[in-house]
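Heads up: the protein sequence lines correspond to chains A and B, in order. For the first sequence, the positions run 1 to 400 when the working numbering is used. For the second sequence, the positions run 401 to 610 when the working numbering is used.
These aren't lab readings, by the way, just hints derived from the structure by calculation. Treat the hints with care, since some could be wrong.
[What the hints assert, rightly or not] Derived SDA-like pairs: lysine to any residue, alpha-carbon spacing no greater than 20 angstroms straight-line:
id	chain 1	residue 1	chain 2	residue 2
1	A	Lys322	B	Gly427
2	A	Lys322	B	Lys506
3	B	Lys506	A	Ser61
4	A	Lys346	B	Asn555
5	A	Lys60	A	Ala390
6	A	Lys25	B	Asp451
7	A	Lys346	B	Ile556
8	A	Lys322	A	Lys97
9	A	Lys322	B	Gly428
10	A	Lys322	B	Lys479
11	B	Lys516	A	Ala390
12	A	Lys25	B	Gly428
13	A	Lys97	B	Gly428
14	A	Lys346	B	Asp483
15	B	Lys479	A	Pro315
16	A	Lys346	B	Gly427
[To be verified] Just some of the chain B residues that point at chain A, by a computed CB distance under 8 angstroms:
id	residue
17	Gly415
18	Arg453
19	Asn463
20	Leu470
21	Pro485
22	Ser582
Predicted model, so just to flag it, every value in this text is computed and none were measured. For every residue, glycine included, the Cβ atom is placed at its ideal position computed from N, Cα and C.
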Amino acid sequence: MPTESKHPEALDPVKANQAETPSSKLARFPADQPLELDSGVQLAPWQIAYETYGALNSDKSNAILVCHALTGDQYVASTNPVTGKPGWWDLMVGPGKPIDTNHYFVVCANVLGGCLGTTGPASINPETGTPYGLDLPVITIRDMVRAQARLVDHLGIDTLFTVIGGSMGGMQVLQWAASYPERVFAAVPIAAAARHTSQNIAFHEVGRQAIMADPNWRGGGYIDEDVRPTKGLAVARMAAHVTYMSDESLHQKFGRNLQDRDRLTFGFDADFQIESYLRHQGMTFVDRFDANSYLYVTRAMDYFDLAHEFGGSLPAAFAGTKTRFCVMSFTSDWLFPTSESRSVVKALNAAAANVSFVEIESDRGHDSFLLDVPEMFETIQGFMTGAAHARGIPAPGEAG
Amino acid sequence: MNLAPKQTRAGEVRGDHKVVASLVPLGGRVLDIGSEDGALLDHLVRERQVDGRGVELSQAGVNRCVARGLSVIQGDADKDLADYPDDAFDVVILSQTLQATREPKKVMRELLRIGKQVIVSIPNFAHWRNRMQLLFRGRMPVTKYLPYEWYDTPNIHFCSLRDFVELCHELDADVEKAIALSAHGNKIPVNAPWWVWNIVAEQAVFLLKR
Chain A
1 MPTESKHPEA LDPVKANQAE TPSSKLARFP ADQPLELDSG VQLAPWQIAY ETYGALNSDK
61 SNAILVCHAL TGDQYVASTN PVTGKPGWWD LMVGPGKPID TNHYFVVCAN VLGGCLGTTG
121 PASINPETGT PYGLDLPVIT IRDMVRAQAR LVDHLGIDTL FTVIGGSMGG MQVLQWAASY
181 PERVFAAVPI AAAARHTSQN IAFHEVGRQA IMADPNWRGG GYIDEDVRPT KGLAVARMAA
241 HVTYMSDESL HQKFGRNLQD RDRLTFGFDA DFQIESYLRH QGMTFVDRFD ANSYLYVTRA
301 MDYFDLAHEF GGSLPAAFAG TKTRFCVMSF TSDWLFPTSE SRSVVKALNA AAANVSFVEI
361 ESDRGHDSFL LDVPEMFETI QGFMTGAAHA RGIPAPGEAG
Chain B
401 MNLAPKQTRA GEVRGDHKVV ASLVPLGGRV LDIGSEDGAL LDHLVRERQV DGRGVELSQA
461 GVNRCVARGL SVIQGDADKD LADYPDDAFD VVILSQTLQA TREPKKVMRE LLRIGKQVIV
521 SIPNFAHWRN RMQLLFRGRM PVTKYLPYEW YDTPNIHFCS LRDFVELCHE LDADVEKAIA
581 LSAHGNKIPV NAPWWVWNIV AEQAVFLLKR
């Protein structure tokens, strides 16, 4: 992940009220249109914040849904209003990019449980008039996807040309393909898995405990008390950030280099560059993310186990699917390793699905999917072109 | 397996690929094992409008295939065919790969299980040029078509055409068609008994059915 620089106008998303009234587009679902959650709760009213890029064609066959990762947002290819920084995947999505918005209609929504406009723990609980905090029911990946499906209905789109995303976004892609096979023409899960492993859950638990150990967390009620568990959230981010990189990339970037000093200080200041870097990552993160959202969204990932939903059989999740899949992993990703992608491919083969599987050579760890990795772009472009031909719509660069 | 004749110019379709394509039904569901850079699969998708999938051992080859819009996964004929259900494909193609598998018989059994029809192309180790090298030089054959030394060849299970036909009988597979080819992939236009083909053909394409 590129170093985040603290933007001078960086705002706390909660203070900036992005949780209630986002700068992006917004679909509101009133009390009589509840969202049914896996927990059994009917969530109502609820809202989903999203951005769109490009134009929907007349037969609505060129829509691509981009699903964001744990701390992503709907600003996939436009300036994030909180950080002032460019879209998180603007290397991939935009005019002339691999996902060409001159050609495709791209939709990206903030996930359920998020903090940039879709209903989440920082949203106002209509029953109390105060933020939900921990009164929001626990959210699952399937709940996120249900919410997105309602948005896609709202936009009048029947079948999505492609659903694509990395990491937790890739989990959503797999869930989409399993829950709504007839609505997904092509699916691209990147650096993802069909379940969260014990190790993945363990790292998340470390992060959550860091947040909850912060005295300012106040049992999740910090917004009401006008404090924020920034220290805990920063530590959570620091721990997580290490898992997004590889030993190799850390070594290359920082080695054992010292930060602005010639010798060790024999203290606990940030002697090493890596320490300084991580502290910076932690501090900038708290400016753009809500601590309770971090609890909810990490929990959703932990609960994800697609096979479980289908009686323990992953192939059953994809039985009879006509969706074209392109599964992608990265050699140095140890958080969502190639073996997890391979299990997905194995299950897709068992379902005789149309599947491509590409492992990309990269030494930059899990975060590779967000970075400038030309082979990834070429592969996705090629896959999308093949899918466009199969769908009978012109691919970028072709007449139409 | 790099056995393919390299004489073809860019954009030109290899002779053995044309022969394979002629055996594939229009619009069929096809699995091509050993896709290399996707040349055959691409030809089949374009010319025979197949619903085509590929399996390729080298990741670089897979990435090239996917980048050209083909559905290909990284996989190993020896290990990964077990994942597919019975009769998953109308046609399964194993092109110039059988001799490089660890367990050719097991691979053949899997092919016949997952494909309603199976197309296998193999190099003929009993070609006269190979026989001559063994007979007169007393050395393992190295030809333009089989360019490897014995110690670096990926081809660990060579057979003659007659050996292969024998294996098909053992597996209860019907040989529906057998087409003898030169090293260049051109059809050898002789109507000859097996023993002749077993000497003059450098490779052959078989269409098999359970």
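Which hints, by number, does the structure contradict? The structure breaks hints 2, 3, 4, 6, 7, 8, 10, 11, 12, 13, 16, 17, 22; every other hint is satisfied.
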